[in-house]
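**Student:** All chains, full assembly: derive it from the sequences and hints.
For the protein sequence lines, the chains are A and B, in the order given. For the first sequence, my numbering begins at 11 and goes up steadily by one. For the second sequence, my numbering begins at 60 and goes up steadily by one.
These are calculated hints, taken from the structure and not from any lab test. Check before you lean on any hint, since a few could be wrong.
Per label pair, the in silico range of CB-to-CB distance [claimed, not checked]:
| # | chain 1 | residue 1 | chain 2 | residue 2 | range |
| --- | --- | --- | --- | --- | --- |
| 1 | B | Lys236 | A | Thr24 | 54 to 60 Å |
| 2 | B | Ser255 | A | Leu203 | 57 to 63 Å |
| 3 | B | Gly72 | A | Met183 | 31 to 37 Å |
| 4 | A | Pro126 | B | Leu89 | 29 to 35 Å |
| 5 | A | Leu203 | B | Pro131 | 50 to 56 Å |
| 6 | B | Pro262 | A | Gly55 | 26 to 32 Å |
| 7 | B | Gly292 | A | Lys194 | 34 to 40 Å |
| 8 | B | Leu126 | A | Met183 | 52 to 58 Å |
| 9 | B | Ala271 | A | Lys44 | 35 to 41 Å |
| 10 | B | Ser116 | A | Gly124 | 39 to 45 Å |
| 11 | A | Met183 | B | Ala313 | 50 to 56 Å |
| 12 | B | Lys236 | A | Gly55 | 25 to 31 Å |
| 13 | B | Gly251 | A | Pro126 | 56 to 62 Å |
| 14 | B | Gly292 | A | Ile245 | 51 to 57 Å |
From the three backbone atoms N, C-alpha and C, an ideal C-beta is built for every residue, glycine too.
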Amino acid sequence: MVQIKTDNLQFSYTSAVDSEQKIVLRGLDLEIEKGTFVAVLGHNGSGKSTLAKHFNAILLPQGGAVYVGGLNTSDESLILEIRRRVGMVFQNPDNQIVATVVEEDVAFAPENLGYPPAEIRRRVDEALQNVGMYEYRNHAPHLLSGGQKQRVAIAGVLAMEPECVVFDEPTAMLDPKGRESIVKVIRKLRNELGVTVVLITHHMDEAVSADRVVVMSSGEIIMDGTPREVFMDEITLRAAGLDIPETTSLIHSLREDGMDLPLSALTVEECAEAIFVAMKEGA
Amino acid sequence: MLKDITLGQFFPGNTIVHRLDPRVKLLLTLVYITALFIAQGLLGYILMLAVLLTCLSLSKIGPKTVLRGLRPVIIIILLTVILNVFFIRGETVLFEWRFIVITREGLVTAGFMASRLIMLIIGTFLLTYTTSPIALTDGLEQMLNPLKKIKLPIHELAMMMSIALRFIPTLIEETDKIMSAQKARGIDFETGGLISRARAVVPLIIPLFISAFRRADELATAMESRCYHGGEGRTRMKTLKAAWQDYTALLLGAGIIAAVIILRNVSFGIL
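**Tutor:** Rendered as structure tokens:
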């Protein structure tokens, strides 16, 4: 089943500086399957954030169309249902939190949707437990760390019980520890809760555990495949202004030094295992 | 440094005063202020003082905190006392020197005015000491709800208030950061005359405004993403429910007003 589908999606805006027409998305065709984890990569200005904002009708297509579970995002009467189905987590956790108490903030979306108080309570408790922030439910958000705040923001989206969550560079402002905790939550959404995950990022390492990687460059999709397929093609990646994951880069340089390693080892564990096996054979 | 500012001066606790419905507390504060202005004569004042002291001891707010709340208004109180002492001309003159005349009536009125002011301030502070800003906003929103009928944007006002409360610590933190950044670039915020200090604030205010607008824009997008569409059809997780304590408190409030009115007619000579 298709969760999100874009059909020849086009978007452009008029620059305020030189009043020139800037094209951001040049006729994008993309289908995201339900229950999958898709990473969208691209350097600044590749159009990846603009694409994400089309998924829950924050931006509307200027050409072509976007469908969420078959619903056209241009239909204004469907807007609440579309936003309930596709939750969005942004870069800066501070600018997503509305309330002065964690649980009040998580309750914000179900309150907007008009659920009865007992149902809101149940959703809030469940969402907070899913991101591991239940013990902090009565805390003030501004006293939490960046990673904790971002987890509260994720809980705020999960309280809508969405089918899909779009993450727009959720770790860009976090320290390594906070980043790790967010990546863990993202994996849990996909593996345990069956939520479709779209992760917009420029951290290659976060894309490694995705089911599918889509690479964007100047408003077009230039690569689309499994992480293995995409990261093995170093030349195209570099041309798009992207780096390869640290593990792949390590394997590349070890191969240049004559070590026999498979290019397919992507995660840190796989990479360590491959090096271990190769060294054992060498000795 | 700026982080130490306590907002709304709320002291968390779990006393009966803390647990009262915020709507009831707001109403009772209005009742208390009205009673203070009706009160006349020694007995009326003694009754109000007793009411205040009972509330204070029930809320377990220490005398130090109470006195600290009075500090900013000391000048106003002193001014009231001085004006009353020197300008009220009564019959019993206690002291006379050239144009300065102090009468017994002047002293008495000054005393009453000062204690009325002090009790007024402490009483209203008690509300903010024992009610969290969110509870106050919630209470205000629900109390003013009927005004929606005459098209007053009550939900929007309450939403703005709670977002402002939410962002004050964030913006204070940001101010701190910008100040450090500008100090590192050689801006002196602490010394110099009034004009040069005012000028030093400009490179602080401008980045702060730009960032506040950017934040507002991002917050609006995030709120829309979470299905915010105004107050229509919105429910609340925690609804305010008045319990028996709240009704008892309201009855007591009505009793105090009645008592104060009765006591107006009882007097002991000049007091």
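**Student:** Just tell me: holds or violated, for the beta carbon distance of B:Leu126 and A:Met183 against 52 to 58 Å?
**Tutor:** 43 Å, violated
**Student:** Can the suggested window of 56 to 62 Å be confirmed for the beta-carbon pair B:Gly251 and A:Pro126?
**Tutor:** 60 Å, holds
**Student:** Does the beta carbon distance between B:Pro262 and A:Gly55 stay inside 26 to 32 Å, or does it fall outside?
**Tutor:** 29 Å, holds
**Student:** Do the Cβ positions of B:Ala271 and A:Lys44 conform to the proposed distance bound of 35 to 41 Å?
**Tutor:** Between B:Ala271 and A:Lys44, where Cβ atoms are some 40 Å apart, the hint holds.
**Student:** A range of 34 to 40 Å was offered for this pair. Does it hold for the Cβ distance of B:Gly292 and A:Lys194?
**Tutor:** 35 Å, holds
**Student:** Kindly confirm whether 54 to 60 Å is satisfied by the beta carbon distance between B:Lys236 and A:Thr24.
**Tutor:** 34 Å, violated
**Student:** Holds or violated: 25 to 31 Å for the Cβ distance of B:Lys236 and A:Gly55?
**Tutor:** 27 Å, holds
**Student:** Check the following: the C-beta atoms of A:Leu203 and B:Pro131 are separated by a distance inside 50 to 56 Å.
**Tutor:** Holds - the Cβ-Cβ distance for A:Leu203 and B:Pro131, about 52 Å, lies within 50 to 56 Å.
**Student:** Per the hint of 29 to 35 Å, is the separation of the Cβ atoms of A:Pro126 and B:Leu89 within bounds?
**Tutor:** 32 Å, holds
**Student:** Regarding B:Gly292 and A:Ile245, is the given constraint of 51 to 57 Å on their beta-carbon distance met?
**Tutor:** 54 Å, holds
**Student:** Against the range 31 to 37 Å, how does the distance between the Cβ atoms of B:Gly72 and A:Met183 compare: consistent or not?
**Tutor:** Taking Cβ atoms as reference, B:Gly72 and A:Met183 lie about 35 Å apart, which means the hint holds.
**Student:** Do the beta carbons of A:Met183 and B:Ala313 sit within 50 to 56 Å of each other?
**Tutor:** For B:Ala313 against A:Met183, whose Cβ atoms are near 54 Å apart, the range 50 to 56 Å holds.
Hint compliance for this structure: hints 1 and 8 are broken, all remaining hints hold.
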